[in-house]
Amino acid sequence: MKQFILSIIFSSIFVTGFSQQEAAYTRTMETNIKTLDTASTTETYVQLGNNFDRIANAAKDQWLPYYYAGFCYAVMAFKTKDKTQVDAIADKADSYLDKADALKPGNSEISTLRAMITNTRILVDPRSRWQELNTVSEGWIIKAQQQDPANPRPWYIQARTKLYTPAMLGGGPEAALPVLEEALTRFGKFQPDNSLAPNWGHEEAQKLLTQLKK
Amino acid sequence: MRSQAICLCFFLSLSCCLAAQTTITGTIRSKNKMPLDGASISLEGTYYGSTSSKGGEYTFSSPDTGSFNLVVSLIGYKKMSQPVHLAGGQLTIHLILKEEVNEMQAVTVSAGSFEASDQRRNTVLKPLDIVTTAGQQADIVAVLKTLPGAQQVGESEGLFVRGGTGAETKVFIDGMMVSNPFYSSVPDIAQRGRFSPLLFKGTHFSSGGYSAQYGQAMSSALTLETHDLPTRTETNMIISSAQLTLTRQQLFKEQKASAGFSINYNNLEPYYALVPQKPYYTKAPEIINGELFGRWKTRKGIFKYYGYATTNTLSFHRPSLENEKAFDHFSLQGNNVFTILTYSGKLNDQWKLNTGVGFSYNKDRIDFLTASPADTISSFHPRLTNYSSQARAVITRLFGALSKWHTGVEFQRVMDKIEAKDSILPVSRPDNFISLFTEGDIYLTPWLLAKPGIRYEYSSLLSKGNFGPRLSFAWKLQKAGQISIAYGTFFQRPETVYLLRKPNLDYTRAIHYILNYERIANGRTIRAEFFYKKYEDLITYPSNKPSELGNNGSGYAKGFEIFWRDKKLFDGFDYWISYSFLDTKRKFQDYPIETIPTFAAKHTLNVVIKQFVTPIATNFSLTYTYASGRPYYNPNLPVSAFLSDRTIDYHNIGFQVNYLTKLGKANTVFIFNINNLIGNQQVYGYHFASNPDLQGIFKGEAITPMAKRSIFFGAYLTIGNDRRKEIIDN
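Protein sequence lines correspond, in order, to chains F and A. Following this note's numbering, the numbering of the first sequence begins with 1 at its first residue and continues without gaps. Following this note's numbering, the numbering of the second sequence begins with 1 at its first residue and continues without gaps.
A hint or two may mislead.
For lysine-lysine, the following DSSO-like pairs were computed, each having C-alpha atoms within a straight-line distance of at most 27 Å [unchecked claim]:
#  : chain 1 : residue 1 : chain 2 : residue 2
1  : A       : K54       : A       : K502
2  : F       : K83       : A       : K79
3  : A       : K98       : F       : K79
4  : A       : K404      : A       : K346
5  : A       : K98       : F       : K81
6  : A       : K567      : F       : K81
7  : A       : K79       : F       : K79
8  : A       : K78       : F       : K81
9  : F       : K83       : A       : K33
10 : F       : K34       : F       : K214
11 : A       : K464      : A       : K502
12 : A       : K54       : F       : K34
13 : A       : K502      : F       : K83
14 : A       : K78       : F       : K99
15 : A       : K256      : A       : K297
16 : A       : K297      : F       : K81
17 : F       : K99       : A       : K98
Computed Cβ-Cβ distance ranges for the label pairs, DEER-style [stated by the list, open to error]:
#  : chain 1 : residue 1 : chain 2 : residue 2 : range
18 : A       : L274      : F       : E204      : 31 to 41 Å
19 : F       : K83       : A       : G345      : 23 to 33 Å
20 : A       : K662      : F       : Q85       : 29 to 39 Å
21 : A       : K31       : F       : K189      : 49 to 59 Å
22 : A       : L663      : F       : D37       : 43 to 53 Å
23 : F       : S128      : A       : A641      : 46 to 56 Å
Examples of chain A residues toward chain F, derived with CB under 8 Å [said to hold, decoys possible]:
#  : residue
24 : G49
25 : G76
26 : K79
27 : T231
28 : T235
29 : I239
30 : R299
31 : G301
32 : I302
33 : F612
34 : T614
35 : A617
36 : L660
37 : L663
38 : G664
39 : T668
Think of the hints as simulated: they come from the structure by calculation, not from any bench. Quick caveat: nothing in here was measured; it's all calculated off a predicted structure. The beta carbon of each residue, even a glycine, is placed where N, CA and C say it ideally should be.
Make the full structure from the sequences, and use the hints.
This is how it looks when you write it as structure tokens:
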């Protein structure tokens, strides 16, 4: 009997301990994701990247902290003014995605980020790199679209990529518009799995559409 | 038991809910005390941590107690961790991060050195520059001529560097010497390089003071590095006003090996029919060549094979200066083979091996004939053959992340032969040539590099050896750029033309001293370089007795060079300016006095402008080149006025348009290039009749380009295996 009570006490301690941990994870993630949704400065992205890195190191079985850390570094790679730093930042972003991918293989969100990171690398030296890397970027987009046709983000990234590609090379606003509309249709129907799952891009896509229609 | 359990329960709840907060604050700085922002500070395994601010400060609190690791990381710095004990209250921890220096950031010797590479971030040129610089289309040497140190010599092929002749520059591919890097010489007409710039991922041009790993070049070394494994299977085509080329590279499964070929047919006849040339070609240059490529990546290294074979013909005639009714006829038929197999890889964590074998063959059948309708005035029919076999091995010991020590051995078996019907009996000059060298890249700190080296060479033909010491230093002053100095003695076998006449000559020799300042930052490059070069034991002969050769020549070259490149001024706009000042004199060949040689201009200026216009995917490039007049030999002057005449100054504007587009599935670049856009008169020198006319005057004629302008139009097409598919399928 004693042992039975003891085991209940122990298991209850573990269960509460565990669920407390879980709750702390969810709470921290939610706070950081909320900040991410409104982030605009590089400093904030650096901070958030570090925060997600810490969460990832404490909750090593979760793919989302790695995904978000990778996302922050991808944005930093876009934003950084010192072009010589971009490859190192993009490498770091890719290293987070490698870890995310190991925990959640074949995920459409991860493939979308891969395309974004490839685009940042192209921008370092478009004339030398475009020819080689644009097919890599397109490859990741198509892969992301196939992995989850309901995910609007690969369409959104595809539209952005097309917008910044010269018309001569199959890009430009006219080529971007139908893809963006496709993305927005999907954004309209999209439901994230849970409160922590990636759910960015809808607002930006809408803004881009008003810009393009001007 | 129960009390224990309760106790445990209490302890656990205490630890997770009621623990005293510990606040950790501090600053993160670099070794030179600069505050570092954006660093991640965390208690390992917990959510607690922070990011350092602009002033390097951080602060955070944690309810945890006990021993933890405080981990700090920042891109570009070594991750560090420090044990901390949390027991409530305040902890102050200041930390200093060490820079993580990789080979790309560490200092390198920039004295005399220009590099075009995608791998190193800070290079003066990118491989793409070689194809998009106006001038002669896609010729490596033509682009290098826009850099400081190189002379604008239009009447002869090769790189004439800092008062040196074209023969004083040697070309190396993957460490192996190239015996005939240019198409064989034609009187008064510079020939192109044999190898396409598209073959190389790295081009390194040294205008002096180069590494002990290379030798036999008194002035300059051009080292080219071929591509590794291609990233995809690819077909390339070049269709131009003079050329048809098809290249195919196949990347095999698992991306460990590739094989490819290239076939190329050049014929200038259609172009010469449209744009008349001087001299008059009875057979316009025609070139057929084939290439083979192989790559095999092993676990620790890579094997590379490159094979090249070509045959070319041309013949022309022009009115002779010897006789009013006579013509000078020239024809050339050349065959060339060049093939190398190299291996480069790691033996283990400390040792690296670079090794290779190579073979090359060159045969030129040349016919000179000066004849009038009535009779033959002179004729000469030399047949020149060269066979070279070579083997090379360099073993490198690595010390830490940066320092290295290279030791190597090279063996070359060179055989030169000449014979000429009715005038020269067959002569052959075999030479077994051995070189040994050892050289270190010693990083005293990542910002201070010392590079001592020595090279020993022995030639069986000369039956003489030599020791060439090399020493250079480079010191990086962080944001302020870097300073480097270089010194070296460079020996060279006398040129084949002399060795065929007389084998027992001595090495010719040059001693270089170079001081260089370079700063590459934020898309801008500035370089300034001073040099002093001393020539000794140059080949001499009396002008009326060309077989009485000796090593009695000498000379010097000194000067300074400035290079400025700015990619930041406007979006897509990129320009560079290079200026060279050269003061050189030498006594060599049949010069009666020490004087400025015919291939040296005092002032050389290059301005290269490129503008990429994104909306139309087009690159415009303009190159302006100026060189002050060069001396030429005028036999009508007395010996005391030897080489005192100067040609007119040289001005040239080249213009190029590259238009990027897609033709079906092919990425296509259309290239239009025009040389001497505004039609300046250009004179490279003069040549004179060998005998005076009846008035006692030697008749002369200017050496000029073959046509006022040269135009090139072509398209480069690339059809690659779709890499999209690879990514989607994996």
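Against the structure, the hints:
| no. | hint | in the structure |
| --- | --- | --- |
| 1 | A:K54 to A:K502 | violated, 73 Å |
| 2 | F:K83 to A:K79 | holds, 23 Å |
| 3 | A:K98 to F:K79 | holds, 25 Å |
| 4 | A:K404 to A:K346 | holds, 13 Å |
| 5 | A:K98 to F:K81 | holds, 23 Å |
| 6 | A:K567 to F:K81 | holds, 14 Å |
| 7 | A:K79 to F:K79 | holds, 24 Å |
| 8 | A:K78 to F:K81 | holds, 23 Å |
| 9 | F:K83 to A:K33 | holds, 25 Å |
| 10 | F:K34 to F:K214 | violated, 31 Å |
| 11 | A:K464 to A:K502 | holds, 15 Å |
| 12 | A:K54 to F:K34 | holds, 23 Å |
| 13 | A:K502 to F:K83 | violated, 57 Å |
| 14 | A:K78 to F:K99 | holds, 20 Å |
| 15 | A:K256 to A:K297 | holds, 5 Å |
| 16 | A:K297 to F:K81 | violated, 37 Å |
| 17 | F:K99 to A:K98 | holds, 26 Å |
| 18 | A:L274 to F:E204: 31 to 41 Å | violated, 55 Å |
| 19 | F:K83 to A:G345: 23 to 33 Å | holds, 32 Å |
| 20 | A:K662 to F:Q85: 29 to 39 Å | holds, 32 Å |
| 21 | A:K31 to F:K189: 49 to 59 Å | holds, 54 Å |
| 22 | A:L663 to F:D37: 43 to 53 Å | holds, 44 Å |
| 23 | F:S128 to A:A641: 46 to 56 Å | holds, 52 Å |
| 24 | G49 | holds, 5 Å |
| 25 | G76 | holds, 7 Å |
| 26 | K79 | violated, 11 Å |
| 27 | T231 | holds, 7 Å |
| 28 | T235 | violated, 14 Å |
| 29 | I239 | violated, 18 Å |
| 30 | R299 | violated, 21 Å |
| 31 | G301 | violated, 23 Å |
| 32 | I302 | violated, 19 Å |
| 33 | F612 | holds, 6 Å |
| 34 | T614 | holds, 5 Å |
| 35 | A617 | holds, 4 Å |
| 36 | L660 | holds, 7 Å |
| 37 | L663 | violated, 12 Å |
| 38 | G664 | violated, 12 Å |
| 39 | T668 | violated, 10 Å |
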